[in-house]
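Chains as they are written, first to last, in this note's numbering: chain S, 1 to 247; chain B, 1 to 247; chain F, 1 to 247; chain A, 1 to 247; chain L, 1 to 247; chain D, 1 to 247; chain U, 1 to 247.
These are computed hints drawn from the structure, not numbers from a lab.
Mixed in with the good hints there might be a few duds.
Here are the simulated DSSO-like pairs of lysine-lysine, each with C-alpha atoms no more than 30 Å apart in a straight line [said to hold, decoys possible]:
hint : chain 1 : residue 1 : chain 2 : residue 2
1    : D       : K71       : U       : K116
2    : L       : K116      : A       : K116
3    : F       : K54       : F       : K116
4    : A       : K34       : L       : K54
5    : F       : K116      : B       : K71
6    : D       : K203      : D       : K34
7    : A       : K116      : F       : K71
8    : S       : K34       : S       : K54
9    : L       : K54       : L       : K71
10   : S       : K34       : D       : K34
11   : F       : K54       : A       : K54
12   : S       : K34       : D       : K71
13   : D       : K54       : U       : K116
14   : B       : K54       : S       : K116
15   : D       : K71       : S       : K116
16   : U       : K54       : L       : K71
17   : B       : K34       : F       : K54
18   : B       : K54       : F       : K34
19   : F       : K54       : A       : K203
Away from chain A, derived, C-beta distances all over 12 Å, residues of chain F [to be verified]:
hint : residue
20   : R35
21   : S58
22   : D86
23   : D120
24   : V236
Backbone N, C-alpha and C fix where the C-beta goes; we use that ideal spot for every residue, glycine too.
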Amino acid sequence: MQGQAQQQAYDRGITIFSPDGRLYQVEYAREAVKRGTPCIGVRTNDGVVLTVDKYIRSQLMERESIEKLHKVDDHIGIASAGHVADARQLIDFARQQAQVNRLRYGEPVGVETLTKQVTDHMQQYTQVGGARPFGAALLIGGIDDGEPRLYETDPSGTPNEWKANAIGADRSDIQDYLEENYTDDLDLDGGITLSLEALAQSKDEELDPEGFSVATIDVETERYERIETDELETYVQELDSFDEDEE
Amino acid sequence: MQGQAQQQAYDRGITIFSPDGRLYQVEYAREAVKRGTPCIGVRTNDGVVLTVDKYIRSQLMERESIEKLHKVDDHIGIASAGHVADARQLIDFARQQAQVNRLRYGEPVGVETLTKQVTDHMQQYTQVGGARPFGAALLIGGIDDGEPRLYETDPSGTPNEWKANAIGADRSDIQDYLEENYTDDLDLDGGITLSLEALAQSKDEELDPEGFSVATIDVETERYERIETDELETYVQELDSFDEDEE
Amino acid sequence: MQGQAQQQAYDRGITIFSPDGRLYQVEYAREAVKRGTPCIGVRTNDGVVLTVDKYIRSQLMERESIEKLHKVDDHIGIASAGHVADARQLIDFARQQAQVNRLRYGEPVGVETLTKQVTDHMQQYTQVGGARPFGAALLIGGIDDGEPRLYETDPSGTPNEWKANAIGADRSDIQDYLEENYTDDLDLDGGITLSLEALAQSKDEELDPEGFSVATIDVETERYERIETDELETYVQELDSFDEDEE
Amino acid sequence: MQGQAQQQAYDRGITIFSPDGRLYQVEYAREAVKRGTPCIGVRTNDGVVLTVDKYIRSQLMERESIEKLHKVDDHIGIASAGHVADARQLIDFARQQAQVNRLRYGEPVGVETLTKQVTDHMQQYTQVGGARPFGAALLIGGIDDGEPRLYETDPSGTPNEWKANAIGADRSDIQDYLEENYTDDLDLDGGITLSLEALAQSKDEELDPEGFSVATIDVETERYERIETDELETYVQELDSFDEDEE
Amino acid sequence: MQGQAQQQAYDRGITIFSPDGRLYQVEYAREAVKRGTPCIGVRTNDGVVLTVDKYIRSQLMERESIEKLHKVDDHIGIASAGHVADARQLIDFARQQAQVNRLRYGEPVGVETLTKQVTDHMQQYTQVGGARPFGAALLIGGIDDGEPRLYETDPSGTPNEWKANAIGADRSDIQDYLEENYTDDLDLDGGITLSLEALAQSKDEELDPEGFSVATIDVETERYERIETDELETYVQELDSFDEDEE
Amino acid sequence: MQGQAQQQAYDRGITIFSPDGRLYQVEYAREAVKRGTPCIGVRTNDGVVLTVDKYIRSQLMERESIEKLHKVDDHIGIASAGHVADARQLIDFARQQAQVNRLRYGEPVGVETLTKQVTDHMQQYTQVGGARPFGAALLIGGIDDGEPRLYETDPSGTPNEWKANAIGADRSDIQDYLEENYTDDLDLDGGITLSLEALAQSKDEELDPEGFSVATIDVETERYERIETDELETYVQELDSFDEDEE
Amino acid sequence: MQGQAQQQAYDRGITIFSPDGRLYQVEYAREAVKRGTPCIGVRTNDGVVLTVDKYIRSQLMERESIEKLHKVDDHIGIASAGHVADARQLIDFARQQAQVNRLRYGEPVGVETLTKQVTDHMQQYTQVGGARPFGAALLIGGIDDGEPRLYETDPSGTPNEWKANAIGADRSDIQDYLEENYTDDLDLDGGITLSLEALAQSKDEELDPEGFSVATIDVETERYERIETDELETYVQELDSFDEDEE
């Protein structure tokens, strides 16, 4: 239980170091990320797969409006977890940077370059006073010179590159599954299956094809594509049959 | 009961994260929304219905001046709940954005676009110091390319799209009613009836036709229209007869 | 009794939300309004009546200098209650806005428009740091397109339209009287009488014609006019005779 | 007795409302005024009389340097009580405003206009953060269109017009005397006598003609004039003989 | 004894009023002045005498570098007590103002004018946030239109004119001596003697001619002149012989 | 254990002195450095060797993305320890300064010059309010006029030159090893071996050639070169055989 | 022992007066100076001697990089004690001022002038909010018009001139030695010997010629010169033989 007196203390101040060298505001922002629904990124030989859980509070809410999977440029997609309004600011920032790059240099921005522009932006909010860190983490997937790339950013503004990664709620469960089951010879299909298995694993209930979204960025086309719900249904059925086989 | 010492603490500070990743100022602002009279939005096949309760403290107050239902552009209306003065700032901001869009692009602003401009504005007040979040939530209804749209914004600056939604006091009661009774084949008439039923349900007393306002944005005309009081009276009578039938 | 330690706490900070969604600084500013002498506004078919109590600390003080009734434009008057120095800033702001409107559009400002400009101004002082809310409420009366209008603004920056309203000390007593005795067929004379009755009711002593001021804005002339003291004397005498009759 | 811990609290903060709607910093500034030596203003039919006590800590201090009586324009004088350095800022501000008026409009500033410019300036220091209120009150006397005017300003920035008024130490004693003895048929001579009587009343010792200063602004000449010490001596002697007569 | 917890409190805040109308930061700054070595100013018919104690911590420190006696313009000198680094800022400010006056008006600045420019500057540091008051007091001596003038400024920014005055450590002892022994017929010689007697009185040990500095501003020459050490020795010897005579 | 109440205190404030003359924020930032994986710099006669540990949380993370070894200019490399996002800002700053130098003076920046530009930048964040110190330390290696140079910077902004040095976790163990085993006749090969021995010493497990990175800046070529993983494998094998020999 | 709670308090605030007129932040900064290794300045007839202790944490650190002795202009050197990064800012500031003087006036800056520019800069950091004082003291030595000058500055921004002075750790021991043994007939050689004796006195161990640095500014050449290590060795040997003779 969180007492009244303790809560009040967090309505003040700026981000500074604790005696053991930690930045509590950044760590608390990481907690905000853990409160978000999970996202999974998987890098395969044929491209990157981004998967997001679309938990909705109500049947009347439009799932599409829960934007956690965002096309940022033709060849780059971002999945976000955490404080939704904060994540939207970062996505907008990323889109602007991508557009600026096209205007300035006449070519698409690199995935790594874009990731670093976003993390530089995030770091400023952890060091300079008068603002709080962003309460969101991102998985940035795309194609750089024909190579699939998958980056993760956290509220501190640190960029990390991954083969496969999860952010948001149930992160450690999903990440464990990915570590055990990831192989270097995955194709996009395999990446989607792995993502859904990992997601299913972390839930008590069966996967609902409308309960998550998947997007791929294919090495061939270098284009971000959203997987349709009926196609997802096929993947879920395969998963189920596979489970039954296993039993 | 709320002690003196605790109240004092809220006269200080800016919005930062608590150890469990929450933004208390934003959550307190949501409480301010709950203190406002309820608003209901219902999206039907023929358009969007916005309904607001007009509780007044005194018979001498002009109900019309309790602005909770606002025409923002020809094809967009907004219902607001919470801190009245804050809501007015957001409505003004939305109107300016709608006008700027017409001037700049020569066409009406999209409902989704406008919603995001408003939520971006709201998010800034939760991250940058020297101000507090807006203590108001909005239901933004309108027509985008012939399609009815209904969005909700909360003090964090998160936009969500809904088929039907309630904000303000008694939100959960009204929302429960909407979830149970909403059907996908509603027309505007049905939307108004559903809204009034939901509102009536949450109150101990009978609906007074002067005690609420209703506006529609019709897919055909793409125009925001206020329903006249005498027309509302008819709806209320139907509701009553229906209730009697049920008994 | 108000302890020393508690008072000190109010010398700090900016206006933010309490856990139950309230803005204490705004509520405290409303208390400042209650510390002011009462003002009454009554809208009649023939125009608006504004009445202010002119309590003076000393016989040597010039009653005229206790400005609580202000001509803001030819067709608009404002009565103010609360922190006098704050009210003066708002009156000055209103006068400037009225003048700007005449210069910019070549016509007098609407009563509703002016009210909203004033409340927008007041709202800013409740949301942005580095200042406190205004400790004053206003009754804004005037003629819009031949129609009498009466608005009230409070420290939160909320505008409300009324048929009859009171602000300042004894507000609830006076307001009760207005609610019971207001009728829709009042003329200006009736409005003045109602105001004085309501004021007399809330006081232990008889009304002193020099102890209050009355101004009217007539629908015909569309002009703000101060009622002379000797004319007020007549009204007071009628009141007294009426009281005697009643006994 | 004032404890250490309580004093520390006043080294922080800005001016905001207490729960009962008071502005403590403004009230504390009023205490600063009460710590100053008394000033008296008396408006007579022939002009205004300003009288200030010139208490000095040491025989070696030049009484003339204790500026509490200031010529601000040909036709306006100001007496000040409270924090001396603060009062000097206000006097300088008033002089500049008076000069600006002459430059801009080619005519002397009105007493009421100047008073309001000064109080607007003072009010800002009570509402906007990053500064404290002025710890001084003023008596502003002068001639407006042939009429004698006497205004008082307090740290809140409220202007009041008076027939006769006192500020500073012993205010209530002196004010009581003024209230009892002021008559509407006073000439300048009578005003000076009344002021000195009021001042003498509040002191245990006899008046020392070098212990106070008097200035008049005559309706005829419309000029601020300082009364010479030997002339003051005559007034004091008359006072004494009058006292003796009374005994 | 001064506890740890209390000291910490002074590392925060800005200068505001206490409930009894005092400005503690200004009063604490006055304590800083009392921690400085004493300065004495004496106005005589022939000019002004400024005397400063030059206590040094070590025989290896150059007494000349302990600047407490400053030539500010040909005809103006300033003696300073309190926080040395603060005093230097004020002296620099005074020198600049004196130079600006010569450039702008082609004539030397008046002593009174300069004093007021310095005190205006000091007052700002007591009212506007983000800085602390100056921890220094000044004795400003000079010639205005052939008349000797002696002003004192304290950390509040109040200017006072004196015949003779002391600031810094042992102020009250020295001031008492000055009050008892000052006469109106002093010449510069007498002024120096009086200053040295007053200084000697407040010390347990004999005066060391190298332990203090004296400067005069003569009415005739209108020039600031430093008295040489050997000349001071003569004065000290006279003092001693006088003391012996007295015994 | 670190209590809740203590953590809260670090969400406030700016960097100021403690009573014993320490800057706690700077010391806490040094703790942040100790939380980072270790880096080793060794200056040899033939050039500088920079070695960084590449501990990774997960097998799926791309080691290359854990940037702790950075080419800053042709002839300068930097190894960083501590808060990753902070270190990236400093690296970017260093790269910009190096580029600016080439543009402005047409020649490569000196290692010492660059180090001082970086430390000046870091110092500002420890003295001016509204920000926190950088939570990172750097080892800056390069060639100045044919001479190998190795500098260390810490969060206070102090630059130190070293023959061999370690920063980050296990600093004191590694540094001890360096002090005992460093000789002045090292060549680059010897420098790499010394670095790896020191690193191996501080770990419980054998060195994994993929678990660290090494870069050299050769006096001959004056170029920063990354050592390939297979080459590192050879070094590790030599280390192991050496260990076995020793047993 | 210094408790946790007390340390936290110093992460806040600006520099203001304590009730006894002290500036704690400045006093704490003086403590920071005492934590630095000692510096000694000695003014002789032939020039100024500056001596600094070069304690190093590790044999691998380059002593040269511990800059505590700085050439600021041809004829001026500065020795610094305290917070190293702060001292470097002051040295840079002094160098810029010296260069600006040469550019603007075509001649070398005076030692006294430069000292005052530096102390003015330091004082600002003690009076204006948003920063902390500099945690460093300086000994500024040089030649003014053929005269040797030696100044000390402390964190308050006070300049003092000395014949011989010490700053940093063991200050009082070293200063005592200087006071007892300084004579007015020293030449540069004698000044160096005196400095080394004083330094040796304060240490338990013998002087290591590599453990300190000495620079002189000769009256003849008016040039800052660093004494070579082998020459220092000679001085140390003389010191030792002298010590042995004494025993």
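We went through each hint and held it up to the structure:
no. : hint              : verdict
1   : K71/D <-> K116/U  : violated (43 Å)
2   : K116/L <-> K116/A : holds (25 Å)
3   : K54/F <-> K116/F  : holds (27 Å)
4   : K34/A <-> K54/L   : violated (40 Å)
5   : K116/F <-> K71/B  : holds (16 Å)
6   : K203/D <-> K34/D  : holds (15 Å)
7   : K116/A <-> K71/F  : holds (16 Å)
8   : K34/S <-> K54/S   : holds (15 Å)
9   : K54/L <-> K71/L   : holds (16 Å)
10  : K34/S <-> K34/D   : holds (26 Å)
11  : K54/F <-> K54/A   : violated (35 Å)
12  : K34/S <-> K71/D   : violated (35 Å)
13  : K54/D <-> K116/U  : violated (51 Å)
14  : K54/B <-> K116/S  : violated (51 Å)
15  : K71/D <-> K116/S  : holds (16 Å)
16  : K54/U <-> K71/L   : violated (42 Å)
17  : K34/B <-> K54/F   : violated (40 Å)
18  : K54/B <-> K34/F   : holds (26 Å)
19  : K54/F <-> K203/A  : violated (33 Å)
20  : R35               : violated (5 Å)
21  : S58               : violated (6 Å)
22  : D86               : violated (7 Å)
23  : D120              : holds (17 Å)
24  : V236              : holds (24 Å)
Of the numbered hints given earlier, the model fails hints 1, 4, 11, 12, 13, 14, 16, 17, 19, 20, 21 and 22; all others are met.
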